[in-house]
Amino acid sequence: MNALQLFFLAGFGLAAVWFGWRVFRTHSMVRSAMSLLACMVALGAMFLVLQAEFLGVLQIMMMAAEMSIMAFFMMMFMMDPGGLGNMNMTHQQKPATALSAAVAALLLALLLSTNWPAPLAQVPTATQQNHDLGIELMTRSMMIFETAGTTILVAMIAAAATALVYPPQPD
Amino acid sequence: MENNNTLPTTLLVGLLFAGGVYALAVLEYWSVAGRLAWARPVRLALKLLAREEIKPRQRDAVFYETAPVLLLAAGTLAAAVLPWSASTPLLSLATGALFVNAAFAYAMVALVLGGWSSNGAYAMIGGWRFLGQLLAYSMPMVMALTATVMRAESMVPVQIVLSQRGLWNIVYQPVGFGLFYLAALALAFLPPFDLPVAAGELAGGAWADFTGARRLVLRLGRLSLVMSLAVTITVFYLGGWQGPGLPGVVWTLLKTLLVAASFFGVGHYVSRVRYDLLLEWSWKYATPAALLNILWVGILLLL
Chain A
1 MNALQLFFLA GFGLAAVWFG WRVFRTHSMV RSAMSLLACM VALGAMFLVL
51 QAEFLGVLQI MMMAAEMSIM AFFMMMFMMD PGGLGNMNMT HQQKPATALS
101 AAVAALLLAL LLSTNWPAPL AQVPTATQQN HDLGIELMTR SMMIFETAGT
151 TILVAMIAAA ATALVYPPQP D
Chain B
1 MENNNTLPTT LLVGLLFAGG VYALAVLEYW SVAGRLAWAR PVRLALKLLA
51 REEIKPRQRD AVFYETAPVL LLAAGTLAAA VLPWSASTPL LSLATGALFV
101 NAAFAYAMVA LVLGGWSSNG AYAMIGGWRF LGQLLAYSMP MVMALTATVM
151 RAESMVPVQI VLSQRGLWNI VYQPVGFGLF YLAALALAFL PPFDLPVAAG
201 ELAGGAWADF TGARRLVLRL GRLSLVMSLA VTITVFYLGG WQGPGLPGVV
251 WTLLKTLLVA ASFFGVGHYV SRVRYDLLLE WSWKYATPAA LLNILWVGIL
301 LLL
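Residue numbers (my numbering), protein chains in the order written: chain A, 1 to 171; chain B, 1 to 303.
If you're looking for bench data, these hints aren't it; they were derived computationally from the structure. Just so we're clear, the structure is a prediction, and the values are computed from it rather than from any experiment. Glycine included, every Cβ here is placed at the ideal spot set by N, Cα and C. Each hint should be verified, as a subset may be incorrect.
Not the full set, but computed from the structure, chain B residues with beta-carbon under 7 Å of chain A [to be verified]:
hint, residue
1, A86
2, L90
3, L91
4, A94
5, T95
6, N101
7, A102
8, Y269
9, V273
Far from chain A by the CB rule (all over 10 Å, computed), these chain B residues [what the hints assert, rightly or not]:
hint, residue
10, R40
11, L93
12, A105
13, M108
14, M155
15, V156
16, I170
17, V171
18, A203
19, V217
To be clear about the criterion: a stretch of chain A counts as covered by chain B if any three or more of its residues have a C-beta under 8 Å from a C-beta of chain B, and this derived list gives those stretches [unchecked claim]:
hint, segment
20, 4-13
21, 93-103
22, 109-122
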């Protein structure tokens, strides 16, 4: 990894942390969701810097729709219909802070104590990565992904079905 | 990632894109007024620049400024990976087809942000409507693109054009083309699917509270979006730069303008689609049709 890559990696990493922080520093669901979107896009950009082109572009693409839909759902189901209201996004601050610090310390300890394998000398080309990912998804990981995909689909259909009113009521 | 962005190529692509957007502005007016007014876009731009900027008092300052720029970025980013001829993609991404989708996804974010940040009921409804519209068009669009990628066995746009050497994708997978065409109309919120900005219903919808220069950037962003979508259709379904006689770049431009003119033409003759119907048709018919299209292409590939 050359100096330029390291610079951009650090830059996008800091941006991701900053936007992640902003998620909890606002009183609006929509601002919060959009900060999370910016955070995720910065993560996607980190993938791009690490030459994982497919994962980076996929992350940036998927998060646009996901975070917007999340904002919409949060506004529908929580007590902030317009998304502009003054809602406190932090609850039980002292226990939450303690827990976050503990989890962060644990993660750092894991990161530092793990014996990471040496980085690849040569990153596969983007085309090769697409190919390898396709083979992986279609062979070894197929069952896992199919099961997860079907489960999510069933959950979505069930959620929509339980939200419907039967018999249909006149408006 | 390999770069072709030498200065002449960048200038060529930039000029073609900007010229195309200008032509689109003229074509859009033609679809409404029935005549070609070549100077009108310039006059309109000057008028909007000179106009007083009226901002809603309790707007969200950050998002209000972000939305127009984000729409313009979403409209233009895809142009970097789309080839006008074999040697003109500015950036040759191995995930080009996916990148195009990623860029277009932010048009929705821009409209939702714009509608929400201006803190008006009509604008917000317009923005949320576009989110609903996304649910209707995004699945058919991605799945239609997937089938073109299957045929080319590559996500590189240049390879996708080359895979249509013998037969354009519009003939090879007509269902996919139809779905992509309709999804493109919905993505650019053009007339049959213009609910987010519905003229005469929501007082301008998502961009009701934008005036002056910001309004200009929004209009420019929308036209860039239409332009990028027309180039995308040309590249993915109409054989890109391939054609007899003329240089490749000219073919791409001709096909692109033809597609864009057809967009505006369709909008002129078809009435607006209600958005509950849009969602219903999308889930009941468009998504299954897109899956069948993938099956159809898969069978053709195995034959």
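Of all the hints given earlier, name the ones this structure violates by number, lowest first.
-> 1, 2, 3, 8, 9, 11, 12, 13, 14, 15, 20, 21, 22
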